[in-house]
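**Q** Okay, here's what each chain looks like letter by letter:
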Amino acid sequence: MSLIELIEGPFWTFSASLFVIFVFWRLVSILDLRRRGAPPKPQGSRLAGAIRALVVRFVPRSPFTRSGRVWFTTLAGYAFHLGLFVLLLAAVPHVEFIEKRIVALPWEPISRTGFIIAAEISFLGLIMLYTRRFVDPLVRKISRPDDHIASLLTFIVMLTGCMALGRQSVFLRGLHMGLVELWLIYFPFSSLMHTFTWPISRLVTGWEAGRRAVRW
Amino acid sequence: MVILPQVPGALPGAPASRPTRRRRALLGPWLALVAFLAALFLAVLMLASVSAQTAEPLVSVRPPEGAVPVAPPTLRAPGVPRRPLGFDAPENTLGSKSDSDIWRAIREGAAGTTSAPRPDDGMLIEGRRPPFVKAPRPEIFTRPPASGLLADFTRADWWARIRNAEAGLPRIGGYFLGVVLAVIVLYAFIRGPMPVEGGFSGRRIRRFRLSQRVVHWSIAIVFILMALTGLALQLGRPFLIPLIGKDAFSVIATASMQAHNLFGPVLIVLLVLLFITFLPGNFPSRADIIWLIKGGGFFGGHAPAGRYNLGEKGWFWTATLIGALLGATGIIMLFPDDLGTRALLEISVFLHGAGALIVIAYLMGHIYLGTYGTEGTFEGMVTGCVDENWARTHHELWLKELEEKGEIEECRE
Ligand code: HEM
Chain C
1 MSLIELIEGP FWTFSASLFV IFVFWRLVSI LDLRRRGAPP KPQGSRLAGA IRALVVRFVP
61 RSPFTRSGRV WFTTLAGYAF HLGLFVLLLA AVPHVEFIEK RIVALPWEPI SRTGFIIAAE
121 ISFLGLIMLY TRRFVDPLVR KISRPDDHIA SLLTFIVMLT GCMALGRQSV FLRGLHMGLV
181 ELWLIYFPFS SLMHTFTWPI SRLVTGWEAG RRAVRW
Chain A
1 MVILPQVPGA LPGAPASRPT RRRRALLGPW LALVAFLAAL FLAVLMLASV SAQTAEPLVS
61 VRPPEGAVPV APPTLRAPGV PRRPLGFDAP ENTLGSKSDS DIWRAIREGA AGTTSAPRPD
121 DGMLIEGRRP PFVKAPRPEI FTRPPASGLL ADFTRADWWA RIRNAEAGLP RIGGYFLGVV
181 LAVIVLYAFI RGPMPVEGGF SGRRIRRFRL SQRVVHWSIA IVFILMALTG LALQLGRPFL
241 IPLIGKDAFS VIATASMQAH NLFGPVLIVL LVLLFITFLP GNFPSRADII WLIKGGGFFG
301 GHAPAGRYNL GEKGWFWTAT LIGALLGATG IIMLFPDDLG TRALLEISVF LHGAGALIVI
361 AYLMGHIYLG TYGTEGTFEG MVTGCVDENW ARTHHELWLK ELEEKGEIEE CRE
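Going down the list, the protein sequences come from chains C and A. The numbering used here applies: residue 1 is where the first sequence begins, and numbers increase by one. The numbering used here applies: residue 1 is where the second sequence begins, and numbers increase by one.
What the hints contain is simulated information worked out from the structure, not anything from laboratory work. Among the hints, erroneous ones may be present.
Listing some non-contacts, in silico: residues in chain C with all C-beta distances to chain A over 10 Å [to be verified]:
{"no.": "1", "residue": "Arg-26"}
{"no.": "2", "residue": "Leu-54"}
{"no.": "3", "residue": "Leu-124"}
{"no.": "4", "residue": "Phe-134"}
{"no.": "5", "residue": "Asp-136"}
{"no.": "6", "residue": "Met-163"}
{"no.": "7", "residue": "Gln-168"}
{"no.": "8", "residue": "Phe-171"}
{"no.": "9", "residue": "Met-177"}
{"no.": "10", "residue": "Phe-189"}
{"no.": "11", "residue": "Ala-213"}
Here are some of the chain C residues that sit facing chain A, going by a computed Cβ distance under 8 Å [as the list claims (entries may be wrong)]:
{"no.": "12", "residue": "Glu-5"}
{"no.": "13", "residue": "Gly-9"}
{"no.": "14", "residue": "Thr-65"}
{"no.": "15", "residue": "Trp-107"}
{"no.": "16", "residue": "Ile-127"}
{"no.": "17", "residue": "Pro-137"}
{"no.": "18", "residue": "Val-157"}
{"no.": "19", "residue": "Leu-159"}
{"no.": "20", "residue": "Ser-191"}
{"no.": "21", "residue": "Met-193"}
Just so you know, even glycine gets a beta-carbon here, dropped at the ideal spot from N, CA and C.
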C-alpha cells in the first residue's frame, strides 16, 4: 500500500473515528459536570438568562464597544471563522469529498472565486489574530502551547489546502489530507474543542446568571 | 567560578543581565516558529523529490505509445462557451496531444479562431515591441540579434527574451539577489551588529502601537510567503530545476502558483493597512541629508535621525509604492481574460518580476537590520517599546522631540 493510499484509506478512517469518539466523550463528560446537591432557590429566570447569554455574546458587551482592540478581535474573529466555514463546507473539493466519504450535503458548492475570497478573508483574520498573540504582552502571557499548536496546525492545514488547489499533484493532496488527519486527532484534546463547547459555556453561564438574577 | 555576562555600560549593581534575558525570552517563540516553518519547508522539499521519483505522475504530458496525432485543438472556438466556474480538470484534457507539441505549434505561429474583434487576437504569440517603444523602426526586425538585456528590450520578441530562463530576468534576478545577500553577509561579518551607544539603560519607552505591530508582523508573514512562492516561480527554471529535477519542481510550481494567487489580494489589503499605520514619520526631511552624509552610522560614527531614518523611509516608500505596482500588475494577471490586452499582460509580467526583485532585495536588508544588524531593534517591533539609549543612538531627533513635547510614554512590565 502506498503512502497516499494509506492516508486516504485506513488513516482517514482511524483519525475520523478518533475525532468522533473523543469529541463525544469530552462533550458527555462536560455535560456530566452538573453541580451536585440541592441548588439554591432561583432569584430570576434561568432559561431567559441562558438564551440571553447565547444571543448577546455574539457582539461585544456595552462597556467595550468603544475599544478598538475589542472590535479588532471581534471582526477578525468573525472573518476567520466565517471564512473557514464557507471554505470547509462549500468548496467544491470539500463538498465532493464529504459526499463520497460521509454524507451528501443538501447544498450546492459555491464558485471557485467565491470560495477563494472566503479563504482570503479567513487567512487575513487568522494571521492578524495570531500575530497579535505575539505582540500583545498580555495575550502573549496567557497563551499556552496549545494555543500556538492549534493555530499553527489550522494555518498549515489551510495553507497546504490552498497549495493543492491546482489539483495537479497527488503529493500535495496527500500532504493536505495527512495534515487534516493530524488536526482531527489533535482536535478533541485541545482548545479546538471550542467549536462545540461555545454554546454550552454560554448557556451554563447565562443560566447561572439568570438564577441569581444578575444582568451582565 | 561562574563568570556572568555583563551588559556593556550597565550601572554597577544594576541587574546586568536583565535586558539580555528579556531579549532571549522574546526570541524563544520566534525561533520555534521559524524552526517549525523551516522544518516544514524542508520536509516538503524532501517529500516532493521522493514522491516525484516514486509516484506515477498524475498528468502525463506525453502522448501514449502509438497515439494517433491529431490537429492542435483551438483554445476556445467561436460559440463554445467559456469553461464554467469550478475546477480546471487537467487530467487528459489535451487528449493524446502532448503539451510540448501544442506549445511548439503556438510558438511557430499557429493561429486559432476567436470571436474577439481585435485584428491580432487570433494570433496566440507574436513578436511585439513594448508599448512605450514608439515607431517600429524597420531595421529592428532585420538587425542581427543584439546581446544584453537593454538591447533585447527594444527587439520585437523582447518579452520572450526577457523571460528566457538562461539569459533573461530569471537568471539575472537570481544573481542580483545573490549579490545583495553576499553584500549583507559580508557587512555582517566585517562590522557585526550595531551596538546601542552607552549600553541598555533599562528605561524603556513606547515606539510602536499595538495596531502597528499587528499590521507589521502580519504583512511580514504574508510578504515572505509571497516572496518565497514568487521566487520559486520566477527563478525556478534556472536555479531549482537543475537542483531537484523537473518532476519535483512541478509540485513546487503548482503549490507556489496557487498560494501566490490566493495570498496576493491578502497582501494588497495588508499593504493598505501598512500605509495607513506607518505613514506618519515617513515623510522626507532635512535631517535625512545629514544622515546620508554621515553614512547612516553604518561605517561608524553617530548619525542623528527623526522617528525613521532615510533608509527606513526608503523602505516604507519602496514597500508601499512598488507594492502597489505589484498589486496592480498582479490583479491584471489574475484576470487576464477580463483585464488584460496582450501588451498590458506582457508589460505586467515584466514589471511584476522586476519590481518584486527590488522589494525583495530591500527586504533582505530590512530583515538583517531588524534582527541581527542592530541591537534592540527587534524588541521594539515585538513589545512596542525600545530602550532609551537605543532611541538616542538611532533616532536622536525623535527622542528630543518627544522630550520637548513631554510625550514620552514609559513602558512598565
Ligand atoms: C521577517 C521579516 C521582518 C522583520 C524581522 C522586520 C523587522 C522590523 C523591525 C525590527 C522594525 C522596527 C524598526 C524601527 O524600530 O525603526 C521594522 C519596521 C518596519 N518594517 Fe519590518 N520587518 C520585517 C518585514 C517587513 C515587511 C515584509 C514589511 C513591509 C512590506 C515591513 C515594513 C516595515 C515598516 C514600514 C517599518 C517601519 C519603519 C519604516 O517606515 O521603514 N517589514 N521592521
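**Q** State for each hint whether it applies.
**A** For each hint, the structure was consulted:
1. Arg-26: Holds, because the least Cβ-Cβ distance between C/Arg-26 and chain A comes to about 27 Å, which exceeds 10 Å.
2. Leu-54: 30 Å, holds
3. Leu-124: Since the minimum Cβ distance to chain A is about 5 Å, C/Leu-124 lies within 10 Å and the statement is violated.
4. Phe-134: Check fails; 7 Å does not lie beyond 10 Å.
5. Asp-136: Non-interface label on C/Asp-136 violated, nearest chain A Cβ at 6 Å vs cutoff 10 Å.
6. Met-163: 4 Å, violated
7. Gln-168: 5 Å, violated
8. Phe-171: 4 Å, violated
9. Met-177: 13 Å, holds
10. Phe-189: 20 Å, holds
11. Ala-213: It holds; C/Ala-213 is separated from chain A by about 37 Å at its closest Cβ, greater than 10 Å.
12. Glu-5: 11 Å, violated
13. Gly-9: Hint on C/Gly-9: violated, closest Cβ of chain A at ~16 Å, above 8 Å.
14. Thr-65: 18 Å, violated
15. Trp-107: With Cβ-Cβ at 15 Å, over 8 Å, it is violated.
16. Ile-127: 5 Å, holds
17. Pro-137: At about 6 Å, which falls below the 8 Å cut-off, the nearest Cβ of chain A leaves the hint on C/Pro-137 intact, so it holds.
18. Val-157: This hint is violated: C/Val-157 lies away from chain A, its Cβ roughly 12 Å from the closest one there, beyond 8 Å.
19. Leu-159: 7 Å, holds
20. Ser-191: 17 Å, violated
21. Met-193: Status violated, d = 23 Å.
Checked against the numbered hints above, the structure violates hints 3, 4, 5, 6, 7, 8, 12, 13, 14, 15, 18, 20, 21; every other hint is satisfied.
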